[in-house]
Every structure is written in structure tokens, then in C-alpha cells.
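Number of protein chains: 2
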Amino acid sequence: MERHFHEQLQQLKETLLIMASAVETSIAKAIDALVERDSKLANEVIQMDGKINDLEVSIDEQCLKLLATQQPMAVDLRFITSAMKINNDLERMGDHSVNIAELAIILNELGSLKPLIDIPRMARLAQSMVKDSLDSFIDGQVEKARDVCIRDDEVDQLDDQLFRELLTYMMNDSQTIARALDLILISKNLERIADLSTNIAEEVIFIYRAKMIKHHKATLDLEDIRPRS
Amino acid sequence: MERHFHEQLQQLKETLLIMASAVETSIAKAIDALVERDSKLANEVIQMDGKINDLEVSIDEQCLKLLATQQPMAVDLRFITSAMKINNDLERMGDHSVNIAELAIILNELGSLKPLIDIPRMARLAQSMVKDSLDSFIDGQVEKARDVCIRDDEVDQLDDQLFRELLTYMMNDSQTIARALDLILISKNLERIADLSTNIAEEVIFIYRAKMIKHHKATLDLEDIRPRS
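Going down the list, the sequences are from chains D and A. Note that the working numbering has the first sequence beginning at 1, numbered continuously upward. Note that the working numbering has the second sequence beginning at 1, numbered continuously upward.
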């Protein structure tokens, strides 16, 4: 029974890795589609969303089966319930990635007019948060998870700054309105992806430190996540 | 033990009811703040978000405790794991409500210029979806949940239509840009609230019919959610 449990848990971790990798690929392709003005790549992002949705259902089923047939306790129980939430967060990231891909296709049709201002920088930041939150989940690296939570503010600031800049473009030249509006929406999608990475990082801290830091980011310091002796 | 379990489950349901009611109030106030141009009300929405966040943490803890100390099976297990997801959906609805309230405050400062087009209609639709999804969850009314899933397309269409209308305003009169942009963002937040209601409705169908309809809305018919004999 015990061995069977660990095999099932291992299988769950492997499926989560496949899901995480699919979502990371989806985000990377959506951003490349935007920066490289490559609508073919954007369409690949839209196509692969079905696979991500299927993986979400499969992971949910594995978690429920583990809860129903085993009686996981402590860290294992937290791992499984958090896996259900992280799974959900990953699927939503995939949806935001599809939104970005769809907006990239529209922008590519509108023709090149302006550089993308700080969008590529914001995208790189969000991508690094996705990567680090997933790495921290897989390897139980709580310090890395904490670092993700802190970086979220930087993305929020970039989102605000981009909003103001793009609003100014729109006011000064009505020819830029449709394009600037799409970039604002892309920025909002990146901000949500960063937010969801933060959710994952908070779950990681919860799994490995049994400490709920949600909604208390402002007071977070290293003391909160130090291993319990 | 058995009796103790049902008491704890009952308590969880009651806390979920308080959470649901707080989120419904928050959304209603945010929309009133926008329609009535009442920034005081908008500030109340921002203030009450802390309470919603606290409730989310409390519900999560209750669910984990139930999973750890009891061994819930079948419908009870699905109820508890779905409660964790619904809890998360509700907290996110609260966040969208805060976004709407913050945008309402900015709009109120900009002064009245245009009617709100179809925003109030979209808001009523989203609110009715929130209410029906929560009613269906509490009373196990699967048909009502199914109806929520179907209405989601209507909200998406309204969101698209509002986007096009507001874009036209912006193009025709640069004086409307800041305001129209805020209304577009409000529309996106309403669309997300409707989406989250749909998530809840999908969970309800899963709890009471043990049928996963997620990502298969297009093929959903009454057959899928008929009680199993």
C-alpha cells in the first residue's frame, strides 16, 4: 500500500511536470509570436490549448483518486490539495497565453507601427516568475518561491507604467488607438500570468513550511519560511 | 465520528455561505458605485476585501482539516475538494470587484461624459450568473448550474460588442479615450466574473453528477447531467 502510494504520487508529479512544461512552452511561444510578429506560432499556441485542458482534467482525476484511495497526511496531503490548485493556476496561465496569441495575430494584421515599449521586458519578467515558481514547486525550493512573491510588485509597476505610456500614445495620435489598446490588454494578461505564478509560489511555501502566506505578502520575510526545527 | 464529520461539513457549508454572500455584496456594491457614481460605496468594496481574504484562508483550513481527520468518500470528497476550488474562485471574484470599484473611482473623478452603454446590462447578467451558480452549489440544483454555463457565451458576446463600440468612441473623439478605456477594463472584469461563475457551475455538476464537463461546454446537453439511476 505504502509503496503503491508513492508510485501514484510520483506519477502525479510527472504529469504535473508535463503540464508545467506545456504551459511554459505556450507562454514562450505566445511572446515570441508577438515579438517576432509570427502569426503561425500564435496559431500553434491556440492549437495546443486543448492538450493543456486535457492534462488539467487528468491531474485533477489523479489527485482525487489519491485522496479517495489513500489517506495522505501532513506534507503529502498538502502536496495533493496544492497540486489541484496549482493545476488550476497552470490551466489559467494557458488561457492567458491564448489571449496573448490572439491579440498578437490582430496586431500582426494591423501592420508594424510602434516598438513594443517595455512589453518584452515585462514578458521576460513574467516568464522568469513562471519558471521559478514551477522549479520551486518541483524541487521544494522555498527561498526561490519567496523570491517570486517579491518580484510580483515589479510586474505590477511595469503594468501601470505601460498603461500610462500607451494612454499617452492614444491621446496624441488616434492612429495608434487600436494597437495601443491591444498592447494594454497583452500587458494585463502578462500581469495575470505573474499573479498566478505568485499563487503557485505561495502554495509551495504552504506545502513545505505548512505556513499560509496568502494575502500577507507585505509582511513576508525569511523568518516566515525558515525550516521548522 | 460520523456525527462529528457531518457537523464539520455543515460548518464548512455555513462559512461558504458567508463567503458567497460577502462576494455577492462586493460585486453588487462595485456595480452600484459605478452606475450611481458613488465613490464612497466603491471605497467600501475595497475595504471589505480583507474580510473576503480572511474567509478564504479559513475555508481552506476547514477543508484541509476535514480531509486530514476524516476520510470523506464519493460525494463528500468531491464536495470538499470542489469547495476548495470554489473558495478560490470566490476570492478572485472579490479581486475583480475591487478592480471595478477602483476603476469606478477614477471614472467618477473624470466627470460624466457618456452613458455606460451596455455595461449595466452586462453587470446584471454577470450578477445573475454569480447568484445562480452559488444557489446551485448550495442546493445541489444541477439544472440551474447547467443554465449558468450556457449564459456565459452571452456575456462573452456583450464583452466583444462593448469593446467594438468603445473603440469607435475612442477613434472618433480623443476626449473619450481615458473613460472608454476604463469601461473596456470594467467589461473585462465582468467577463472574468461570469467566467468564474461558470467554473463554479461546472464544479457543481461535478459534485452532484460525478461528471467532469470542464472544457466540453460545446457538447453539453441535459443528458450529461441527468441523475444517475
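Bear in mind the hints are in silico, worked out from the structure with no lab data behind them. Hints are not guaranteed to be accurate.
Where chains are identical, the list cannot tell them apart; a pair therefore holds if satisfied intra-copy or between any two copies.
Stated by the list, open to error - Computed list of lysine to aspartate or glutamate pairs in EDC-like fashion (alpha-carbon distance at most 16 Å, straight line):
id: 1; residue 1: 144; residue 2: 14
id: 2; residue 1: 214; residue 2: 159
id: 3; residue 1: 51; residue 2: 135
id: 4; residue 1: 144; residue 2: 95
id: 5; residue 1: 13; residue 2: 102
id: 6; residue 1: 188; residue 2: 76
id: 7; residue 1: 85; residue 2: 60
id: 8; residue 1: 85; residue 2: 165
id: 9; residue 1: 65; residue 2: 154
id: 10; residue 1: 65; residue 2: 36
id: 11; residue 1: 214; residue 2: 60
id: 12; residue 1: 40; residue 2: 7
id: 13; residue 1: 214; residue 2: 95
id: 14; residue 1: 214; residue 2: 49
id: 15; residue 1: 144; residue 2: 109
id: 16; residue 1: 214; residue 2: 154
id: 17; residue 1: 131; residue 2: 182
id: 18; residue 1: 188; residue 2: 132
id: 19; residue 1: 51; residue 2: 195
id: 20; residue 1: 144; residue 2: 156
id: 21; residue 1: 85; residue 2: 61
id: 22; residue 1: 65; residue 2: 76
id: 23; residue 1: 188; residue 2: 95
id: 24; residue 1: 51; residue 2: 95
id: 25; residue 1: 214; residue 2: 147
Against the structure, the hints:
1. With identical chains, the CA atoms of residue 144 and residue 14 are never at most 16 Å apart, being 21 Å at best within one copy and 37 Å at best between copies.
2. Taking the closest pair of Cα atoms, residue 214 and residue 159 never come within 16 Å of each other, the shortest separation being 22 Å inside a single copy and 31 Å across copies.
3. For the homomeric pair residue 51 and residue 135, neither the shortest alpha-carbon distance inside one copy (21 Å) nor that between copies (32 Å) is at most 16 Å.
4. Taking the shortest Cα distances, residue 144 and residue 95 never come within 16 Å of each other, neither inside one copy (25 Å) nor across copies (26 Å).
5. In this assembly of identical chains, the alpha carbons of residue 13 and residue 102 never lie at most 16 Å apart, being 31 Å within a copy and 40 Å across copies at closest.
6. In this homomeric assembly, residue 188 and residue 76 never come within 16 Å of each other (Cα to Cα): the closest approach is 35 Å inside a single copy and 38 Å across copies.
7. Taking the shortest alpha-carbon separations for residue 85 and residue 60, both the intra-copy value of 9 Å and the inter-copy value of 11 Å come in at or below 16 Å.
8. Proximity of residue 85 and residue 165 under a CA criterion of 16 Å is satisfied in neither setting, with 35 Å inside one chain copy and 37 Å between copies.
9. In this assembly of identical chains, residue 65 and residue 154 lie within 16 Å of each other by CA distance neither inside one copy nor across copies; the values are 39 Å within and 35 Å between.
10. Proximity of residue 65 to residue 36 under the C-alpha cut-off of 16 Å is found in neither arrangement, the shortest distances being 43 Å within a copy and 49 Å between copies.
11. Taking CA atoms no more than 16 Å apart as the test, residue 214 paired with residue 60 passes between copies only; the shortest distance there is 11 Å, against 22 Å inside one copy.
12. Taking CA atoms no more than 16 Å apart as the test, residue 40 paired with residue 7 passes in neither setting, with 40 Å inside one copy and 56 Å between copies.
13. Taking the shortest Cα distances, residue 214 and residue 95 sit within 16 Å of each other only across copies (14 Å), while inside one copy they are farther apart (23 Å).
14. In the homo-oligomer, the alpha carbons of residue 214 and residue 49 lie at most 16 Å apart only across protomers (13 Å), although the nearest pairing inside one protomer, at 28 Å, exceeds that limit.
15. Proximity of residue 144 to residue 109 under the C-alpha cut-off of 16 Å is found in neither arrangement, the shortest distances being 40 Å within a copy and 41 Å between copies.
16. For a Cα distance limit of 16 Å, the shortest separation of residue 214 from residue 154 qualifies neither inside one copy, at 18 Å, nor across copies, at 34 Å.
17. Taking the shortest Cα distances, residue 131 and residue 182 never come within 16 Å of each other, neither inside one copy (25 Å) nor across copies (32 Å).
18. Taking the shortest Cα distances, residue 188 and residue 132 never come within 16 Å of each other, neither inside one copy (20 Å) nor across copies (29 Å).
19. Taking the closest pair of Cα atoms, residue 51 and residue 195 never come within 16 Å of each other, the shortest separation being 23 Å inside a single copy and 20 Å across copies.
20. In this homomeric assembly, residue 144 and residue 156 never come within 16 Å of each other (Cα to Cα): the closest approach is 19 Å inside a single copy and 38 Å across copies.
21. Proximity of residue 85 to residue 61 under the C-alpha cut-off of 16 Å is found in both arrangements, the shortest distances being 13 Å within a copy and 14 Å between copies.
22. Taking the shortest Cα distances, residue 65 and residue 76 sit within 16 Å of each other both inside one copy (14 Å) and across copies (14 Å).
23. For a Cα distance limit of 16 Å, the shortest separation of residue 188 from residue 95 qualifies both inside one copy, at 13 Å, and across copies, at 14 Å.
24. Taking the closest pair of Cα atoms, residue 51 and residue 95 come within 16 Å of each other only inside a single copy of the chain (12 Å); across copies the shortest separation is 29 Å, beyond that limit.
25. Taking the shortest Cα distances, residue 214 and residue 147 sit within 16 Å of each other inside one copy (14 Å), while across copies they are farther apart (33 Å).
The structure shown violates the earlier hints numbered 1, 2, 3, 4, 5, 6, 8, 9, 10, 12, 15, 16, 17, 18, 19 and 20.
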